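Listed below are the residues making up each chain.
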Amino acid sequence: MATIEINGKVVEARDGAMLIEAAAEAGFAIPHFCYHRKLTIAASCRMCLVEVEKAPKPLPACATPVSDGMKVQTRSPKALAAQKAVMEFLLINHPLDCPICDQGGECDLQELAVGYGGDVTRFAEGKRVVGDPDLGPLIATEMTRCIHCTRCVRFIAEIAGTRELGAPGRGEHMHITSWLGGQVGSELSGNVIDLCPVGALTSKPFRFRARAWELNARPAVAMHDGLGANLWFDTLRGQVLRARPRDNEAVNECWLSDRDRFACAGLHSDDRLRQPLLRDRNGWREAGWDEALPRAAQLLRNIVDNRGGEQLAALAAPSQSAEEYYLLQKLLRALGSPHIEHRLRQGCFTAQEAMPLMPGLGMAPEALQAGDAFLMVGCHLRKEQPLLNHRVRQAVLNGAAAMAINPVVWPSNYPLAAEQTVAPSRLAGALAEVAQALAGGEAGGEAAAMAERLRDAEQPLILVGAVAQMGEYLGAILAQAMQVAEACGGRVAFLPEGGNSAAAWLAGAVPHRGVAGSHAPTVGKHLRQLYAEPVAGLLLLGIEPERDSLDPAAMARLLEAAEGVVALAAYDSPLLREHADVILPLATWAESAGTQINHAGLWQSYRGAVAAPGEARPGWKVLRVLGNLLDLDGFDFNAADEVLAELRAAVDRQGAFAPTPWPAVALPDAPASVEAVAALSPYSVDAMVRRSPPLQAASDAPQPCCRVHPALAERLGRPQRVRVGDGAASAVLALEIDERVADGCIVVPTAIAETALLGALTGAISVEQAA
Amino acid sequence: MMVQSRNPAADQGMTELSEQSLAEIDRWIAKYPVDQRQSAVMAALRIAQEQNGGWLNRALIEAVADYLGMSPIEVEEVATFYSMYELKPVGRHKICVCTNISCLLRGSDEVVAHLEQRLGIRMGETTADGRFTLKEVECLGACVNAPMFQIGRDYHENLTPERIDAILDRLD
Chain A
57 MATIEINGKV
67 VEARDGAMLI
77 EAAAEAGFAI
87 PHFCYHRKLT
97 IAASCRMCLV
107 EVEKAPKPLP
117 ACATPVSDGM
127 KVQTRSPKAL
137 AAQKAVMEFL
147 LINHPLDCPI
157 CDQGGECDLQ
167 ELAVGYGGDV
177 TRFAEGKRVV
187 GDPDLGPLIA
197 TEMTRCIHCT
207 RCVRFIAEIA
217 GTRELGAPGR
227 GEHMHITSWL
237 GGQVGSELSG
247 NVIDLCPVGA
257 LTSKPFRFRA
267 RAWELNARPA
277 VAMHDGLGAN
287 LWFDTLRGQV
297 LRARPRDNEA
307 VNECWLSDRD
317 RFACAGLHSD
327 DRLRQPLLRD
337 RNGWREAGWD
347 EALPRAAQLL
357 RNIVDNRGGE
367 QLAALAAPSQ
377 SAEEYYLLQK
387 LLRALGSPHI
397 EHRLRQGCFT
407 AQEAMPLMPG
417 LGMAPEALQA
427 GDAFLMVGCH
437 LRKEQPLLNH
447 RVRQAVLNGA
457 AAMAINPVVW
467 PSNYPLAAEQ
477 TVAPSRLAGA
487 LAEVAQALAG
497 GEAGGEAAAM
507 AERLRDAEQP
517 LILVGAVAQM
527 GEYLGAILAQ
537 AMQVAEACGG
547 RVAFLPEGGN
557 SAAAWLAGAV
567 PHRGVAGSHA
577 PTVGKHLRQL
587 YAEPVAGLLL
597 LGIEPERDSL
607 DPAAMARLLE
617 AAEGVVALAA
627 YDSPLLREHA
637 DVILPLATWA
647 ESAGTQINHA
657 GLWQSYRGAV
667 AAPGEARPGW
677 KVLRVLGNLL
687 DLDGFDFNAA
697 DEVLAELRAA
707 VDRQGAFAPT
717 PWPAVALPDA
727 PASVEAVAAL
737 SPYSVDAMVR
747 RSPPLQAASD
757 APQPCCRVHP
767 ALAERLGRPQ
777 RVRVGDGAAS
787 AVLALEIDER
797 VADGCIVVPT
807 AIAETALLGA
817 LTGAISVEQA
827 A
Chain B
432 MMVQSRNPAA
442 DQGMTELSEQ
452 SLAEIDRWIA
462 KYPVDQRQSA
472 VMAALRIAQE
482 QNGGWLNRAL
492 IEAVADYLGM
502 SPIEVEEVAT
512 FYSMYELKPV
522 GRHKICVCTN
532 ISCLLRGSDE
542 VVAHLEQRLG
552 IRMGETTADG
562 RFTLKEVECL
572 GACVNAPMFQ
582 IGRDYHENLT
592 PERIDAILDR
602 LD
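Heads up: the sequence lines are chains A and B, in that order. Heads up, the first sequence stops at 827 in my numbering, and the numbers go up one at a time, no gaps. Heads up, the second sequence stops at 603 in my numbering, and the numbers go up one at a time, no gaps.
These aren't lab readings, by the way, just hints derived from the structure by calculation. Keep in mind that the hints are not guaranteed to be accurate.
[To be verified] Straight-line alpha carbon distances no greater than 35 Å define the calculated DSBU-like cross-link-like pairs of lysine-lysine that follow:
1) Lys462/B with Lys519/B
2) Lys183/A with Lys462/B
3) Lys462/B with Lys113/A
4) Lys519/B with Lys94/A
5) Lys183/A with Lys127/A
6) Lys134/A with Lys113/A
7) Lys519/B with Lys183/A
8) Lys566/B with Lys260/A
Only a predicted model underlies this, so the values are computations on that prediction, with no experimental measurement involved.
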């Protein structure tokens with residue numbers, strides 16, 4: 057520790073701390089632009105000049121480390137004169153176009169200019185003008201306003217890890233741009249909007265929509281990946297206009313992924329359901345809740361009375377609130393049905409009894425940063441869980457080894473210590489080789505290298521991701537991952553794609569377990585069994601059936617086979633219109649109170665930021681009233697908190713959970729024909745994201761084309777277009793040749809309109825040349 | 432007012448580093464630790480520039496970036512920072528005229544005027560026959576014999592209009 061004096065106050069500061077940090081801790085704010093606590097120090101803006109005793113000139117507080125006995129003046133005449141002089145220079149080339157600038161009202165330069173700027177400019181010469189690169193659909197540019205703090209360049213290089221932005225030119229010719237002015241592709245790119253201290257980089261979707269001071273900031277928790285990033289929804293007149301990160305070091309630090317930031321553009325889409333819909337002889341008609349709810353209750357009651365409770369099943373999307381999952385399973389189980397499912401994109405259920413209480417990391421995201429070996433299996437971490445990937449990247453920069461066994465070589469923003477590219481059916485086999493190598497057996501080069509890094513690590517972590525989840529080999533992969541983890545003293549983190557999967561597991565929205573992993577008296581049918589043996593009645597929660605299932609064709613058959621379908625849905629869907637009997641408009645998580653349970657098991661509750669459109673209502677309220685109308689006990693909740701309290705009490709009562717041991721799952725045989733790899737774009741994961749125009753225009757948006765290895769393309773006759781799937785359940789798509797795909801596989805986009813009728817995109821798939 | 436605009440010439444010229452250039456770049460890479468290939472970026476850009484007749488285009492910047500494991504924008508930052516990298520085609524002979532204080536006091540105005548008059552171009556331009564480019568530069572460290580200019584790798588000092596004519600007459 058160093059003892060220094062700031063403005064006459066004696067302060068203890070950490071050795072190596074910069075003056076600006078020590079001053080901030082002591083309560084002295086020093087004006088700055090380029091300094092940011094999460095980025096390296098540039099000391100380029102010079103705004104933080106302070107007077108230090110015995111130093112001949114003012115020193116930048118952001119780049120001056122504390123030393124014992126230092127005496128600092130941050131507001132002495134000399135310091136203020138230096139700060140004001142810097143401000144005068146910064147404003148020389150700044151256009152001062154605040155009235156037409158989106159940053160106006162939340163601009164660091166504007167605010168500091170009030171305190172440090174002059175009243176009149178002494179600069180009579182011409183100001184410089186800089187051309188604007190088009191950085192894509194998310195970031196608007198107005199580079200003449202730039203003050204060259206280089207926060208954006210440092211963020212993209214250091215946190216996003218892509219080095220897509222730079223500052224070519226020198227002196228007055230320096231300007232921030234991308235190579236050839238192209239689009240920025242990072243999944244974290246939107247953060248440069250927050251970092252930019254002026255209006256050079258602003259949010260494109262939010263452009264000219266509102267002034268900062270008109271907005272109400274409402275806290276929320278993002279529900280697009282399992283992290284539950286904390287954010288602010290800025291609202292105006294009942295509409296969410298934008299999302300900004302809400303600082304939470306334990307979850308998202310001060311960052312947001314582009315998906316969490318720009319998904320809210322899909323909230324107010326035209327196809328939101330605003331009114332309950334009833335099907336009668338003449339088709340669909342709008343109705344009031346007073347008519348729709350009794351009709352829905354009657355429909356469910358008829359199925360239970362006439363066909364039996366076990367003829368009813370409930371399906372929920374994996375990004376609903378914990379309260380909704382809890383009430384859904386409570387309702388279903390009270391009606392005598394054990395069939396509750398949320399794992400709509402899971403391809404395999406063989407090992408479900410051995411699954412832990414809930415999927416996730418089992419540790420804080422922060423702890424990842426201290427990890428020393430990561431093995432990603434069927435996991436495109438960078439796009440599936442962007443901010444977890446950022447933590448892993450920081451660990452790798454600190455010397456950790458990241459490794460991957462995947463069906464595709466996805467571009468990584470950190471070097472991988474070892475990598476294997478194999479077909480999905482071989483993922484488990486590749487893991488088995490690593491386990492063998494760990495046990496001292498013979499193994500191939502990459503497997504041996506992986507085993508060595510895992511063996512040397514103190515806390516190896518095996519990350520099984522959504523790519524593995526979406527295959528039919530998940531059971532074998534998880535079983536082998538457990539073997540590897542046991543052999544190296546590590547752990548397995550299963551990270552499914554849903555935004556609130558952990559809550560669904562915990563609240564009992566699975567067919568084989570009750571709340572908090574409690575014993576289910578009857579084990580219900582999982583999704584595959586439901587597809588094979590459909591039931592008479594369905595209750596759907598938040599599902600867009602043609603997009604939210606790994607096997608949309610089977611989902612359509614399931615809906616078709618049902619006699620009665622009650623759907624709670626936020627967005628309209630042709631398949632629901634075709635098969636449902638009652639459609640109840642649902643509020644999204646942005647519009648209702650609820651709880652997200654993240655990868656780390658952290659419970660994060662939120663309140664609705666805005667009212668749902670029209671007559672749409674929160675799911676927990678609808679389920680509560682359905683419970684009342686069906687004369688079920690224990691549905692007298694007045695608030696979401698009460699539902700949560702009941703869930704929490706049930707979890708506390710349950711105590712420790714012991715899953716059954718992992719079964720020995722045989723290594724799968726590779727299919728004889730071409731193997732499908734489902735490609736779920738990060739911007740296709742849920743209904744809201746799919747309706748966000750800026751995300752759908754971004755470079756990670758789903759592309760309606762298949763990709764194969766050159767060798768397979770050769771065997772297929774190098775067609776331009778291919779037909780994948782059989783008969784009616786087939787689709788014709790463009791074919792791209794990509795040597796990063798494992799040979800023998802075809803990567804097929806899922807959750808897009810073009811493949812909405814395909815069967816499950818896993819295992820063998822027929823591929824032929826299309827005209 | 433100054434507007435940065437795209438350079439229309441940036442797509443012309445060579446698109447790949449020659450075998451010889453790569454071999455020469457490898458010699459520079461060898462001077463640095465193995466995990467710091469990018470340290471050779473300045474030398475690599477100079478080599479690429481010489482290969483391409485004295486100037487750098489986009490393709491060569493990309494080629495250097497690719498070879499050194501850098502992103503193209505990083506290499507562009509270097510190429511646009513230093514004034515000795517040319518981003519537009521230059522003549523066979525680049526005449527770098529010092530107009531800094533010592534040369535100015537010793538008559539660099541006259542040198543500039545004579546060159547412009549003789550070649551029929553202004554500073555920063557290239558003759559139509561592609562022989563000469565005139566470039567204004569800062570101090571080249573030869574103040575003792577000011578005024579001076581540099582052509583290729585040679586310094587020419589104590590310049591007068593007659594000496595300039597004699598020097599230019601000797602060039603092809």
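Hints, verified against the model:
no.	hint	in the structure
1	Lys462/B with Lys519/B	30 Å, holds
2	Lys183/A with Lys462/B	44 Å, violated
3	Lys462/B with Lys113/A	38 Å, violated
4	Lys519/B with Lys94/A	39 Å, violated
5	Lys183/A with Lys127/A	39 Å, violated
6	Lys134/A with Lys113/A	9 Å, holds
7	Lys519/B with Lys183/A	25 Å, holds
8	Lys566/B with Lys260/A	42 Å, violated
In this structure, the hints that do not hold are numbers 2, 3, 4, 5 and 8, in rising order.
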